[in-house]
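Chains as they are written, first to last, in my numbering: chain G, 1 to 114; chain E, 1001 to 1111.
Calculated from the structure, these hints are not laboratory results. Treat the hints with care, as some may be off.
Partial list, computed: chain G residues near chain E (C-beta under 8 Å) [stated by the list, open to error]:
{"no.": "1", "residue": "9"}
{"no.": "2", "residue": "13"}
{"no.": "3", "residue": "31"}
{"no.": "4", "residue": "42"}
{"no.": "5", "residue": "43"}
{"no.": "6", "residue": "46"}
{"no.": "7", "residue": "49"}
{"no.": "8", "residue": "52"}
{"no.": "9", "residue": "85"}
{"no.": "10", "residue": "104"}
{"no.": "11", "residue": "106"}
Listed below are the simulated BS3-like cross-link pairs for lysine-lysine, each with C-alpha atoms no more than 27 Å apart in a straight line [unchecked claim]:
{"no.": "12", "chain 1": "E", "residue 1": "1057", "chain 2": "G", "residue 2": "68"}
{"no.": "13", "chain 1": "G", "residue 1": "56", "chain 2": "G", "residue 2": "67"}
{"no.": "14", "chain 1": "G", "residue 1": "36", "chain 2": "G", "residue 2": "67"}
{"no.": "15", "chain 1": "G", "residue 1": "56", "chain 2": "G", "residue 2": "70"}
{"no.": "16", "chain 1": "G", "residue 1": "36", "chain 2": "G", "residue 2": "70"}
{"no.": "17", "chain 1": "E", "residue 1": "1057", "chain 2": "G", "residue 2": "56"}
{"no.": "18", "chain 1": "G", "residue 1": "70", "chain 2": "E", "residue 2": "1009"}
{"no.": "19", "chain 1": "G", "residue 1": "36", "chain 2": "G", "residue 2": "56"}
{"no.": "20", "chain 1": "E", "residue 1": "1057", "chain 2": "E", "residue 2": "1009"}
Cβ coordinates follow ideal geometry from the N, Cα and C atoms, glycine included.
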Amino acid sequence: GEDVEQSLFLSVREGDSSVINCTYTDSSSTYLYWYKQEPGAGLQLLTYIFSNMDMKQDQRLTVLLNKKDKHLSLRIADTQTGDSAIYFCAEIPRRGGATNKLIFGTGTLLAVQP
Amino acid sequence: DSGVTQTPKHLITATGQRVTLRCSPRSGDLSVYWYQQSLDQGLQFLIQYYNGEERAKGNILERFSAQQFPDLHSELNLSSLELGDSALYFCASSPQDNEQFFGPGTRLTVL
C-alpha cells in the first residue's frame, strides 16, 4: 500500500533534541522529504534527502536515512518553542509512474514545553 | 513565503453548491499539484498539471475538476458539494520535480 507511517505525538523540553521518525513504503523512492505545518498555515518544505545519501545536515536539522529498513528520521537540535508544529514526512514513490506526487505520512505533532 | 498564492483563503458554502479555488504558482514553475487535507484522510494528492496538460490523477472525485491556463495559474472546481468535502485544499508548484512548494491553502467549509 501507500501508507507512510509516523508516530502521532512527541513532547520535548525547550533546548532538548527532538527526533521524529517515519517509515516509508517504496524502497525505490528517489527523494524523501520533511515538511512543517504550523497552526492555520501551509506546508513549509524543511529539507529533503536523496536516496543515495545516509545523512544530511542543515543547521539544526539532521536527516538520517536507513534504506534497508525504509526508515527516515528528522532530528532537531536545541528545540525551540517556535518549532512546535506538525511535521510530515513524504516520499515520491517510483511506482507512482510519470507523476511526482507526494505521499505524505500521518504527521507528528511536536509540542515543545518551555 | 513560498511564492505560491491561493485564493480565497476561506470559503463557506452550502451543500450542493459549486466553488472554484485558484492557485498561482511561483514564477517559472510549470508544474502545479493539488492536494486535499482532511482530518479523516490526511494529506492526499488530487491532480497534477504540467504546462497546461493534465499529467496525473490521484484520489480526485468525479465531481471535482481542474485546469491549468496558459499563464500557468490553475483552478480547482468542486461541484455538488457535500459535507465531507470540507477540508483544506493546497496547491503546490514545482520548478523541477524534486521540490514542491506549497501555497497557504484554501479552507473550505460546507454547511
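Hints versus structure:
Against a cut-off of 8 Å between C-beta atoms, the interface hint on residue 9(G) is violated, since the closest Cβ of chain E lies about 15 Å away. Checking residue 13(G) against chain E by beta carbon gives a least distance of about 28 Å; that is not within 8 Å, so the hint is violated. About 5 Å separates the beta-carbon of residue 31(G) from the nearest beta-carbon of chain E, less than 8 Å, and the hint is met. Checking residue 42(G) against chain E by beta carbon gives a least distance of about 4 Å; that is within 8 Å, so the hint holds.
Against a cut-off of 8 Å between C-beta atoms, the interface hint on residue 43(G) holds, since the closest Cβ of chain E lies about 4 Å away. With a least beta-carbon distance of about 12 Å to chain E, the hint placing residue 46(G) at the interface is violated under the 8 Å criterion. With its C-beta approaching chain E no nearer than about 11 Å, residue 49(G) sits outside the 8 Å limit, and its interface hint is violated. At its closest, the beta carbon of residue 52(G) sits 13 Å from a beta carbon of chain E; the interface hint therefore is violated under the 8 Å criterion.
At a threshold of 8 Å, the smallest CB-CB gap from residue 85(G) to chain E is about 14 Å, leaving the interface hint violated. Among the interface hints, the one on residue 104(G) holds; its C-beta lies about 4 Å from the nearest C-beta in chain E, closer than the 8 Å criterion. The beta carbon of residue 106(G) comes within 6 Å of a beta carbon in chain E, closer than 8 Å, and the hint placing it at the interface holds. Distance hint between residue 1057(E) and residue 68(G) is unfulfilled; the C-alpha atoms sit about 30 Å from each other, more than 27 Å.
Between residue 56(G) and residue 67(G), the direct Cα distance comes to roughly 14 Å. Compliance with the 27 Å bound is thereby established for this hinted pair. Proximity of residue 36(G) to residue 67(G) is assessed by CA-CA distance (about 23 Å); at most 27 Å being required, the pair is judged to hold. With a CA separation close to 16 Å, the supplied pair residue 56(G) and residue 70(G) stays within the 27 Å bound. A threshold of 27 Å between alpha carbons decides the hint, and for residue 36(G) with residue 70(G) the separation of about 21 Å falls inside it, so the pair holds.
Proposed proximity of residue 1057(E) and residue 56(G) is contradicted: the alpha carbons are some 32 Å apart, above 27 Å. With a C-alpha separation of about 37 Å, the suggested pair residue 70(G) and residue 1009(E) falls outside the 27 Å cut-off, and the hint is violated. For the suggested pair residue 36(G) and residue 56(G), the alpha carbons sit about 17 Å apart, so the restraint of at most 27 Å is met. Distance hint between residue 1057(E) and residue 1009(E) is fulfilled; the C-alpha atoms sit about 24 Å from each other, no more than 27 Å.
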